[in-house]
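Residue-level listing of the chains:
Number of protein chains: 2
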Amino acid sequence: MKYRDLNASTRTIMTPGPVEAEPRVLRAMATPILGQFDPEFTHMMNETMEMIRELFQTKNHWAFPVDGTSRAGIEAVLASMIEPGDRVLIPIYGRFGHLLTEIAERYGAEIYNIETEWGTVFDPEEVIREIDRVQPKIVAMVHGETSTGRMQPLQEIGGACRERDVFFVVDAVASIGGVDVKVDEWHIDAAIGGTQKCLSVPSGMAPITFNSRVEALLLERKKIEQGLAEPGSNKKAQPRVIRTNYFDLSQLMDYWSPARLNHHTEATSMLYALREGLRIVLEEGLEHRFARHSLHEQALVQGIEAMGLELYGDPSCKLPVVTCITIPEGIDGESVRAMLLNDFDIEIASSFGPLKGKIWRIGTMGYSCRKKNVLHVLGALEAVLLRHKAKIAAGRAVQAALDVYEANEHR
Amino acid sequence: MKYRDLNASTRTIMTPGPVEAEPRVLRAMATPILGQFDPEFTHMMNETMEMIRELFQTKNHWAFPVDGTSRAGIEAVLASMIEPGDRVLIPIYGRFGHLLTEIAERYGAEIYNIETEWGTVFDPEEVIREIDRVQPKIVAMVHGETSTGRMQPLQEIGGACRERDVFFVVDAVASIGGVDVKVDEWHIDAAIGGTQKCLSVPSGMAPITFNSRVEALLLERKKIEQGLAEPGSNKKAQPRVIRTNYFDLSQLMDYWSPARLNHHTEATSMLYALREGLRIVLEEGLEHRFARHSLHEQALVQGIEAMGLELYGDPSCKLPVVTCITIPEGIDGESVRAMLLNDFDIEIASSFGPLKGKIWRIGTMGYSCRKKNVLHVLGALEAVLLRHKAKIAAGRAVQAALDVYEANEHR
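From first to last, the protein sequence lines stand for chains A and B. Residue 337 in the numbering used here sits at position 337 of the first sequence; the count goes up by one each step and never skips. Residue 754 in the numbering used here sits at position 343 of the second sequence; the count goes up by one each step and never skips.
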């Protein structure tokens, strides 16, 4: 046979995603298939909805995964909410604000962007002033911007949106499951999470939630799928029809409700995986989980600084689950990454656009966010940098991280 | 813990999909994650492309999965090819022709439908006459229509499309891997397959292929994603831009090429699954695989007829991997299905629209298509029908199937 048995190396994955999947999640995926309308399976679908609500800290009824990668969830929300000509305000502080813009634009939005320097975030007041100026239908923002490792405070902006009856859509792909995402308290109307980051479930599903304000909008645009509607019932034109079938949330609502109106065929094994990943999150407890992410971030940051490397970006708005490091003068960042991968089986990330070749990004997310990995990456990075003749302090990084762990045990 | 350990019943799944996944595929999904740009992973992506080419019997360069369920593949092809106002001819002979119509309509196509009675297919000459009348840019057709269990001959229509420089798009979701789908020989420009049917890979990916004619169209509509383009390079407007980001095949081409331009995060575990499923298909060999599907279909059909049940639809265009049975007068089809599931752990399907409550559909697809399952479903269906006081011949169904298997062994 030309194609060999699957035999992937066991990597230590310290990127901002995809990260190592939870072993229990991997085992869950090996479970035999159930039919999509098998009562055992639809029961699991309902349980998954409940757990997604807890994950997003929301009482919203609508909470389910979209069958595609994270950006499929983003596109489903934007495509279903945006009608051609709608004003959409998107403040950009990194690559993924550009992605929100790209998607909204393709669905015919009239886009209003404001940008701030990469490595920082917006003063909420600045965004609110722009909302008052533009009077958009929707404000869409990234919560955790992995390209720069920054996190935007959302509560004030959410409150301002709600007061003004503006929809607030949040890309929480990178933050969900690693830090607080308080959908209800922050007045977020629709939020999108990612699986392959702090949930440690493989890429391929995007949990989303939206509230009754969004539901009302979707119902105005609803059209039953041709071939499923009762004869004659669907004949009147729907001029506001959502311009995609796969991402039509009004149809997905029927699929994720007792009607179980056929749409796609739910991705069985990925649903098993997401369900198991959510069980693990809720067993650990959100507060404990966020504290764990914070602890390992501290250990990593102390180690990096003890080595004499410089962190990138404004520390006051650092995304706790991604640590960005300025590549030292004269060091080839890609050569360092290659040696980490080839000699140490460790993957860390580079970045995009203006930051390409300027920073490394190390994720501490989900199952990858653990002591073994942090100590391994610090030791290996030191060794590789010494091999590249970087001027760093030898022997200090792992010690600094161990200090953090010891101090934590004695608390 | 409120949510219990995953513990799905082991069902015998004899629907037209999703069917039982290959055990080797399930095990492959439990393999630890690799990063999306890890050379080990991109090598697997390339191998998967090669195997998809063999599956579709094509020399096309472009052959890769779309990360979503089967209809995601269909939407990716139609969304990327259709521009508002394009004439698209869609002959309908069951539910999934309506789905093609629904999707094409949402992307602004000017739709031309012809319909034929459910349970039959089109005389190719009729379709070709309509092509000459409508002069469409695209003809889109379903190859294997699971809702009615029919299969449309495509070669003549494909030839006619090519002569007239019309694009021919084929939904081969139900047929791929179970019967011949000869993309090149039949002059198909773009084809979409499904994973959860004859490939016996869980739902969640859609292998597609398209030729250089389609590629040329896509390149005319290409726009690099905002936030990835070199500064300034992307400033000129692209009036023909594809109206979706997630399903933009021109961007997916960059992701599935040595450029590896970042788009979505490839669904790692599903890619492992698809790769393993394709290995199994190619190890078995397409010819042997189709012969196996045909053998078990024969055994099932002989058994059903020996019981005294009536097959639904025109036998001359029966889809070999789906067998439709007319529900006998006075029998509650849903009650029979429920008893099969609850007492025998067997799932068979009902159908849609005008056929709802009128027929049962039994799939013989992929890993589910084996002697054990065929004998089990025949025995169980007989027992359940007797329990429902149906007038059937007792004791004959399994014997008739065994006769088919014995005759085959002696050949």
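Worth double-checking, as some hints may not be accurate.
As the list claims (entries may be wrong) - Derived lysine-lysine pairs resembling PhoX-like cross-links, with alpha carbons at most 25 Å apart:
1) A/K59 to A/K137
2) B/K413 to A/K182
3) B/K767 to A/K222
4) A/K356 to B/K413
5) B/K767 to B/K633
Derived by calculation from the structure, the hints in this document are not laboratory data. On a predicted model such as this, the values are computed, not experimentally measured, just so you know.
Hint-by-hint comparison with the structure:
For the suggested pair A/K59 and A/K137, the alpha carbons sit about 23 Å apart, so the restraint of at most 25 Å is met. For the proposed pair B/K413 and A/K182, the alpha carbon gap of about 22 Å is at most 25 Å, so the pair holds. Of the pairs offered as hints, the one joining B/K767 and A/K222 holds, with about 23 Å between alpha carbons and a cut-off of 25 Å not exceeded. With a C-alpha separation of about 45 Å, the suggested pair A/K356 and B/K413 falls outside the 25 Å cut-off, and the hint is violated.
For a cut-off of 25 Å, the pair hint linking B/K767 to B/K633 is broken: about 43 Å separates their Cα positions.
Checked against the numbered hints above, the structure violates hints 4, 5; every other hint is satisfied.
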